[in-house]
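Protein chains: 2
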Amino acid sequence: MHLDFTSEQRLDGDRGGDVIEREFTLGDIPGILWTPAPAPAPAPASPSTPLPLILLGHPPLGLRPMYPRLVDRARHAVAEGFAAATIELPGIGDRPRWDALEQARADLGRVMRAGEPVGDEIVDALVLPLVDRAVPEWRAALDALLALPGIGGPVGYSGGVISIGIRLARVEPRIEAAALFAGSFVPRTMFEEAREVTIPLHVLLQWDDEGNERQAALDLFDAFGSKEKTLHANMGGHSGVPRFAAEAADRFFTRHLK
Amino acid sequence: MHLDFTSEQRLDGDRGGDVIEREFTLGDIPGILWTPAPAPAPAPASPSTPLPLILLGHPPLGLRPMYPRLVDRARHAVAEGFAAATIELPGIGDRPRWDALEQARADLGRVMRAGEPVGDEIVDALVLPLVDRAVPEWRAALDALLALPGIGGPVGYSGGVISIGIRLARVEPRIEAAALFAGSFVPRTMFEEAREVTIPLHVLLQWDDEGNERQAALDLFDAFGSKEKTLHANMGGHSGVPRFAAEAADRFFTRHLK
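For the protein sequence lines, the chains are V and R, in the order given. The first sequence begins at 0 in numbering that gives the first Met the number 0 and counts up one residue at a time. The second sequence begins at 0 in numbering that gives the first Met the number 0 and counts up one residue at a time.
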């Protein structure tokens, strides 16, 4: 798939240098790439080293509503010397609706409003097709992003739907480290896939996440086959990941990708 | 109790400046204090700010065998701008034997060699008297250490027998943050004490610690009453805490004590 840039703007960086934000389309998939702004004109031209890349995962709520948090994470990543990129998930945001996904989300909503337990079939119907469709798209994005001048890898994957992260970590050899957020439903079969993951992992768990089954998150952490895996559990609820936890994830990527 | 220094030597620091190591006695309790070496003579005399202090806990194996690991942790702490200190535990090392403790350790050894489960009575007999005796001694050490010129607090407690850390965090208001190692037997009653701990906590768990009950460690983490509590779980077995985990504990103390 071909990557076309559709817009470019300059943002203030997290500390020091500015950030270039470029929206793109990959076929019909919208995405965003963030890179450090080049040094101002009269500075001595240095042969620029290709940047390691962090793929920013996100929950299936759409790039637009997620933008404020994504740009915050991207600014961090760029300040640490990474390029950062994300793409929209299938069936979400401005992308064409997808009946099976809509149905699964409606079923989940109904069960949760009724206060019933969320059964395996609903989780499977909600997550597995999303993983099956999204993962090849993220891999295609990787092909296109790594072909751009100045972006060279290695590649990390961070956050978002944890099952997408697990599948990517298992099948995509260019991803060398992953920071996963254990905060969403995980289909049973993903525990088997987790055993086949061997790259270094940094797993974030919000201990008091009301909507998340803590024991499943701990079982998943236990299942990962990686020799280096770290679990960071914090307080603050589902969306209250403390700032110091985000910084710890930065350091994890710095340790493994640079 | 009076603190008397009995020896002093200069050690290489972890990065940059040297470390002064002073052995002391507090009554009949041996201890060690580590502080940054003063800047060399002709440097401009700056009014020195009193140092925050980290108390270094350790397992009940004696200060001498634990010295290499303690001095490593102390070098780290001093490089981060802390004073660090430790004292011997009652009944351990060069301190007078203590029949009840010897008996409890013998009982534990017998049960473990027989491959039997370690019952609550053995854990209670082993840990509770140690906590009851050690905690007042650490508080007395705090009185003496904070009275020294150049040491001003705030105070953190780090590592060692976790039940001693829990009790200290609960009863000693001068301790403002604690990094605890969930790697030893915890009496049932300590779970109740844990609920009354409210200071920021950084809890380290070795996920694949053969000699440690993981579920008890997770239950203990859950029990702590602190609004800010973080669990860091890593691989590497009981004594294989990775270097990056030690650095994360340093950053926890820097965030809370400086």
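What the hints contain is simulated information worked out from the structure, not anything from laboratory work. Be aware that a few hints might be false.
Each pair may be met inside one copy or between any two copies, as identical chains are not told apart.
Under the rule of at most 20 Å between Cα atoms (straight-line distance), these lysine to aspartate or glutamate pairs were calculated in the EDC-like manner [stated by the list, open to error]:
| id | residue 1 | residue 2 |
| --- | --- | --- |
| 1 | Lys226 | Asp207 |
| 2 | Lys226 | Glu209 |
| 3 | Lys257 | Glu115 |
| 4 | Lys226 | Glu136 |
| 5 | Lys226 | Glu7 |
| 6 | Lys257 | Glu191 |
| 7 | Lys226 | Asp106 |
| 8 | Lys257 | Asp106 |
| 9 | Lys257 | Glu246 |
| 10 | Lys226 | Glu115 |
| 11 | Lys257 | Asp11 |
Hint by hint, here is what the structure shows:
no.	hint	verdict
1	Lys226 - Asp207	between (27 Å within a copy, 11 Å between copies)
2	Lys226 - Glu209	between (30 Å within a copy, 16 Å between copies)
3	Lys257 - Glu115	neither (46 Å within a copy, 48 Å between copies)
4	Lys226 - Glu136	neither (28 Å within a copy, 40 Å between copies)
5	Lys226 - Glu7	neither (41 Å within a copy, 42 Å between copies)
6	Lys257 - Glu191	neither (30 Å within a copy, 45 Å between copies)
7	Lys226 - Asp106	neither (38 Å within a copy, 35 Å between copies)
8	Lys257 - Asp106	neither (44 Å within a copy, 51 Å between copies)
9	Lys257 - Glu246	both (16 Å within a copy, 18 Å between copies)
10	Lys226 - Glu115	neither (37 Å within a copy, 30 Å between copies)
11	Lys257 - Asp11	neither (24 Å within a copy, 29 Å between copies)
The structure fails hints 3, 4, 5, 6, 7, 8, 10, 11 (numbered hints given earlier, in ascending order).
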